[in-house]
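Participant: Sequence:
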Amino acid sequence: SPKKSISNTSAKGNAVDMADGTQLSFLPEPCYWRQIKDGDPVAFALFQRHYSYREYADGRRKRYGYANRRLIVGPGEKIVLIGTDGHALCCWRRGIDASSNGERRVYCTVFRNESEHKASDILKAAMGIAWARWPNEPLWTYIDSRKVQSTIPGYCFYRARWKHVGNTATGLLIFSITPKGSTNEHTH
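Quick note on the working numbering: the sequence shown kicks off at 31 and runs consecutively.
Warning: the hint list may mix true and false statements.
Listed next, the in silico DMTMM-like pairs over lysine to aspartate or glutamate satisfying Cα-Cα at most 20 Å (straight line) [unchecked claim]:
| id | residue 1 | residue 2 |
| --- | --- | --- |
| 1 | K210 | E167 |
| 2 | K177 | E133 |
| 3 | K177 | E144 |
| 4 | K108 | E133 |
| 5 | K67 | D115 |
| 6 | K210 | E133 |
| 7 | K210 | D47 |
| 8 | K148 | E167 |
| 9 | K108 | E146 |
| 10 | K210 | D68 |
| 11 | K148 | E107 |
| 12 | K108 | D50 |
| 13 | K108 | D47 |
| 14 | K193 | D68 |
| 15 | K193 | E144 |
| 16 | K193 | D47 |
Derived DEER-like restraints, expressed as beta-carbon distance ranges [what the hints assert, rightly or not]:
| id | residue 1 | residue 2 | range |
| --- | --- | --- | --- |
| 17 | G51 | D115 | 17 to 25 Å |
| 18 | P71 | K193 | 12 to 20 Å |
| 19 | P105 | T52 | 33 to 41 Å |
| 20 | G201 | G132 | 32 to 40 Å |
| 21 | E146 | K210 | 27 to 35 Å |
| 22 | T114 | S175 | 13 to 21 Å |
| 23 | P165 | A199 | 29 to 37 Å |
| 24 | Y188 | Q78 | 34 to 42 Å |
| 25 | P71 | G132 | 31 to 39 Å |
| 26 | R79 | I182 | 15 to 23 Å |
No wet-lab data here; the hints were simulated from the structure.
The structure displayed is predicted, hence computed values, not measured ones.
Note that CB positions come from ideal geometry on N, CA and C, so glycine has one too.
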């Protein structure tokens with residue numbers, strides 16, 4: 031069945047001016063996303079179905095008494111979002127990455143949509159939450175085109191107006207989106 035579109039024309043909606051002079055509309059947090067703590071068991075179950083999930087060689091994720099066995103996001107400031115229906119996960123992390131030339135960046139570390147909503151619509155809503163916390167910061171993500179099922183890797187990011195800005199040395203696709211007024215340019 032086709033995915034439901036979430037209208038971005040709601041009077042409660044918000045918009046961000048983009049670097050290219052246009053506006054990107056998105057829904058406020060209460061419409062779909064709920065912020066939760068990293069390690070939430072429902073979020074972790076969704077994460078286990080994401081292509082980036084991995085077990086550790088030391089077995090820590092299976093160790094019952096290990097307090098951090100369900101953590102999803104790496105170190106740094108973070109936002110973990112779950113859809114109100116429990117069928118989507120989006121995680122943001124602000125930190126320094128190997129490809130960031132030492133600058134702090136905001137990364138979408140996991141985005142998984144198993145809901146009936148269009149991925150690009152709920153991604154835009156999650157972007158609004160990230161920009162509310164980190165105003166004017168460019169957002170970044172990596173996509174492994176070898177592991178996604180789409181014939182157009184990163185399609186929901188394209189639909190949400192992200193740009194493919196390069197590739198990592200290991201072949202991951204680098205996507206970014208920059209709001210107007212950002213002090214950071216696309217560098218990778």
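Participant: Against this structure, judge whether each hint is valid.
Facilitator: The hints, checked one at a time:
The suggested pairing of K210 with E167 holds, with an alpha-carbon distance near 9 Å, which does not exceed 20 Å. Distance hint between K177 and E133 is unfulfilled; the C-alpha atoms sit about 28 Å from each other, more than 20 Å. Between K177 and E144, the direct Cα distance comes to roughly 17 Å. Compliance with the 20 Å bound is thereby established for this hinted pair. Taking the CA atoms of K108 and E133, the gap is about 16 Å. The hint holds against a cut of 20 Å.
With a CA separation close to 17 Å, the supplied pair K67 and D115 stays within the 20 Å bound. Restraint check for K210 and E133: the C-alpha separation of about 19 Å stays at or below 20 Å, so the hint holds. Distance restraint check for K210 and D47: the Cα-Cα separation of roughly 5 Å lies within the 20 Å cut-off, and the hinted pair is therefore satisfied. As the CA atoms of K148 and E167 are separated by approximately 24 Å, the hinted pair breaks the 20 Å bound.
Of the pairs offered as hints, the one joining K108 and E146 is violated, with about 26 Å between alpha carbons and a cut-off of 20 Å exceeded. For the hint pairing K210 with D68, the CA-to-CA distance comes to about 30 Å; that exceeds 20 Å, so the pair is violated. For the suggested pair K148 and E107, the alpha carbons sit about 27 Å apart, so the restraint of at most 20 Å is broken. Distance check on the hinted pair: K108 and D50 sit about 27 Å apart at the alpha-carbon level, beyond 20 Å; violated.
Distance hint between K108 and D47 is unfulfilled; the C-alpha atoms sit about 24 Å from each other, more than 20 Å. For the given pair, K193 sits about 28 Å from D68 by alpha-carbon distance, which is inconsistent with the 20 Å threshold. Distance restraint check for K193 and E144: the Cα-Cα separation of roughly 23 Å exceeds the 20 Å cut-off, and the hinted pair is therefore not satisfied. Between K193 and D47 the alpha-carbon distance is near 16 Å, which keeps this suggested pair within the 20 Å criterion.
Checked against the hint of 17 to 25 Å, the C-beta distance between G51 and D115 comes to roughly 35 Å, which is inconsistent with it. Between P71 and K193, the C-beta spacing of about 35 Å breaks the proposed range 12 to 20 Å. In this structure, P105 and T52 meet the distance hint of 33 to 41 Å, their C-beta atoms being roughly 34 Å apart. A hinted range of 32 to 40 Å is violated for the C-beta pair G201 and G132, which are about 23 Å apart.
At about 32 Å, the CB distance of E146 to K210 agrees with the hint of 27 to 35 Å. Between T114 and S175 the Cβ separation comes to about 30 Å, which falls outside the hinted range of 13 to 21 Å. Between P165 and A199 the CB atoms are about 31 Å apart, so this pair conforms to the stated range of 29 to 37 Å. The beta-carbon spacing between Y188 and Q78, approximately 26 Å, falls outside the hinted interval of 34 to 42 Å.
A C-beta distance of roughly 35 Å is found between P71 and G132, which places it inside the suggested range of 31 to 39 Å. For R79 paired with I182, a C-beta distance near 20 Å keeps the hint of 15 to 23 Å intact.
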